[in-house]
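Engineer: Protein chains in written order, with this note's numbering: chain G, 1 to 247; chain A, 248 to 451; chain Z, 452 to 545.
Careful: at least some of the hints might be erroneous.
On the chain A side, residues computed to face chain G include the following (Cβ under 7 Å) [said to hold, decoys possible]:
(1) Leu251
(2) Ser253
(3) Gly255
(4) Phe256
(5) Arg261
(6) Pro262
(7) Leu317
(8) Pro318
(9) Val353
Hint data in this document are derived by calculation from the structure and do not stem from the laboratory. We put the CB at the ideal spot given by N, CA and C, even for glycine.
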Amino acid sequence: MAQPVLEWQGGTVTAIRPETLQTKSFTLALPKWMAHRAGMHYDVRLTAPDGYQTERSYSVASPPESVGTIELTVERIADGEVSPYLHDVIVTGDQIEVRGPIGGYFVWQVALGGPLVLIGGGSGVVPLMAMLRHRAAQHATIPARILYSSRTLDDVIYRQELDALATADRGFEAFFTLTRQAPPGWTGYRRRIDAAMLAEVIKPFGTHARVYVCGPTLLVEAVASALVQMSVPIEQIRTERFGPTGV
Amino acid sequence: MAGLISRGFLGRRRPAEVESRLPPGQYLVTDWPVLSAGPTPHTPLDKWSFTIDGLVRKPVTWSWADFTKLPTQTYTVDISCVTKWTKLDMKWLAVSVDTLLEAVQVEPTGKYVMAYSDGGYTTNIPFDEMTKGQAFVAYQFDDKPLEPVHGGPARLVVPHLYFWKSAKWIRGLRFMEENEPGFWEQLGYNLHGDPWKEERYSGD
Amino acid sequence: MNMDDADMNTALMVDGNAVAGQLLDVFGRDMTMAVARCAGCASEAEMGALMAFTHSPGVVLRCPSCEAAIARIVETPTAIYIEARGATFLRLPR
Numbered sequence: 001m002a003q004p005v006l007e008w009q010g011g012t013v014t015a016i017r018p019e020t021l022q023t024k025s026f027t028l029a030l031p032k033w034m035a036h037r038a039g040m041h042y043d044v045r046l047t048a049p050d051g052y053q054t055e056r057s058y059s060v061a062s063p064p065e066s067v068g069t070i071e072l073t074v075e076r077i078a079d080g081e082v083s084p085y086l087h088d089v090i091v092t093g094d095q096i097e098v099r100g101p102i103g104g105y106f107v108w109q110v111a112l113g114g115p116l117v118l119i120g121g122g123s124g125v126v127p128l129m130a131m132l133r134h135r136a137a138q139h140a141t142i143p144a145r146i147l148y149s150s151r152t153l154d155d156v157i158y159r160q161e162l163d164a165l166a167t168a169d170r171g172f173e174a175f176f177t178l179t180r181q182a183p184p185g186w187t188g189y190r191r192r193i194d195a196a197m198l199a200e201v202i203k204p205f206g207t208h209a210r211v212y213v214c215g216p217t218l219l220v221e222a223v224a225s226a227l228v229q230m231s232v233p234i235e236q237i238r239t240e241r242f243g244p245t246g247v
Numbered sequence: 248m249a250g251l252i253s254r255g256f257l258g259r260r261r262p263a264e265v266e267s268r269l270p271p272g273q274y275l276v277t278d279w280p281v282l283s284a285g286p287t288p289h290t291p292l293d294k295w296s297f298t299i300d301g302l303v304r305k306p307v308t309w310s311w312a313d314f315t316k317l318p319t320q321t322y323t324v325d326i327s328c329v330t331k332w333t334k335l336d337m338k339w340l341a342v343s344v345d346t347l348l349e350a351v352q353v354e355p356t357g358k359y360v361m362a363y364s365d366g367g368y369t370t371n372i373p374f375d376e377m378t379k380g381q382a383f384v385a386y387q388f389d390d391k392p393l394e395p396v397h398g399g400p401a402r403l404v405v406p407h408l409y410f411w412k413s414a415k416w417i418r419g420l421r422f423m424e425e426n427e428p429g430f431w432e433q434l435g436y437n438l439h440g441d442p443w444k445e446e447r448y449s450g451d
Numbered sequence: 452m453n454m455d456d457a458d459m460n461t462a463l464m465v466d467g468n469a470v471a472g473q474l475l476d477v478f479g480r481d482m483t484m485a486v487a488r489c490a491g492c493a494s495e496a497e498m499g500a501l502m503a504f505t506h507s508p509g510v511v512l513r514c515p516s517c518e519a520a521i522a523r524i525v526e527t528p529t530a531i532y533i534e535a536r537g538a539t540f541l542r543l544p545r
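Required output: the full structure, derived from the provided sequences and hints.
Structural biologist: In structure tokens:
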């Protein structure tokens, strides 16, 4: 594949969309855009007037079919250094320095086939959403399921889009689990992801599933171990750990 | 390395009222960041020991039971980590390295110390910077047993140097003739590590 | 890994994907798909799957099977240090 753009470039913010109370999606127009693969990320670098710099990585939410721009969905961490700046200070027209796309391990493209099982917790859903958007843009019929864990219904990022996709596409199903609080009449799961829940979700695909797991480290560790116990071959499981933000 | 200046981004702040207590390049924290090079070791206390060996006349080892019978002192010190955070007034209950050294005779060639820990971590410190109250082995923080995630059951604390020298999960001190580099010193970190002289990297 | 070690240290652990940008700087190409063989236990894993301790003066990449340190990376203002004695080899796909 072509070499990613190693040097930093200034992306211009062309749109900011709130997704949930704590997350926003930023669309950046890149002068040196190149097609990524779903699952990859960009590094973001901030520089203060005194030269102080700090970097973070954010997964690309948009599919490679969105030419010329990338969308980054960022959760606002209360005592963070970068996410509060992005949420509270950045407006459309601002420039954000980025570098990428990066990370060929945690990627999915239609050519890799399926059936596809995506398991995410919190903001771990972002790279998984890029995979689903890519699948939809390619009009792929590869069977796919997502199991998405959030604290409450209000924390479910991309909820309407996932529901709409499940309604429109017979080959795709979305499963949600809420770990802190569920609304009255909730028919989804109501607990942290465990082996029983995983077994139900992967049942039609069995050990053929191509699984991508992304989210807080503890969730990813627990899910990956459970999948291996269920005899899903380890080569078919790809993981990306986001660190501690708990679900 | 200059980047595009991010409009309205200021980075972390140094409050004016504690400015003089923050070494150059450091910012103040009030929580206690967890930093580690590896998973938390969990040595059971009945298997734990602390040893002083290397260039000493006769090595000595304490069990946990013996170690916790040694006289202790309370220390309240400011701590600076090379990753730029500084935490003020950290309160420890600890055995002074001076107390531990009463049990050994260090050879005249034993000019440097390698502190070594569970999990394989090491760090090197000059012998004369571990004496006269400059270093201690702590097993309580803020009047509570030191949590494993912060180095419990016991860690070395050398407050006048960057915190990477304060080896978590310490198991011993080895006296040596040369200033051999430990885990981070092998990879570009300063052999000495004085925060007030900003001795972060080799060549600083 | 032992799930009883569910402490902040474990929660902060990430994986090789998190240092993909740094590895790109060092090697000039995506290293997350490079396979590392652990010199300790001989198991193999893609670098994207290695345990990564990044909240640290440097990055330590560890074997997901035996937790031995496979590689360490330190970035100073003037240099990048990398040590990979914990890997018998790194195998890069063409």
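Engineer: The structure should be examined with respect to each hint, and the outcome stated for every one.
Structural biologist: Status of each hint after checking the structure:
1. The restraint placing Leu251 (chain A) at the interface with chain G holds, with a minimum CB-CB distance near 5 Å, inside the 7 Å limit.
2. Taken as an interface hint, Ser253 (chain A) checks out: its beta carbon lies about 4 Å from the nearest beta carbon of chain G, inside 7 Å.
3. The closest approach between the C-beta of Gly255 (chain A) and any C-beta of chain G is roughly 4 Å, which is under the 7 Å cut-off, so the hint is satisfied.
4. The beta carbon of Phe256 (chain A) is positioned within 7 Å of a beta carbon in chain G (closest approach about 5 Å), and the interface hint is therefore held.
5. Taking 7 Å as the C-beta cut-off, the interface hint given for Arg261 (chain A) is violated, the closest approach to chain G being about 11 Å.
6. Given the 7 Å rule on beta carbons, the hint for Pro262 (chain A) is violated: about 16 Å separates it from the nearest Cβ of chain G.
7. Given the 7 Å rule on beta carbons, the hint for Leu317 (chain A) is violated: about 36 Å separates it from the nearest Cβ of chain G.
8. Proximity of Pro318 (chain A) to chain G is violated relative to the hint, the smallest CB-CB distance being about 39 Å (cut-off 7 Å).
9. With a cut of 7 Å, the hint placing Val353 (chain A) at the interface with chain G is violated, because the nearest CB-to-CB distance is about 43 Å.
This entry does not satisfy hints 5, 6, 7, 8 and 9, going by the numbered hints stated previously.
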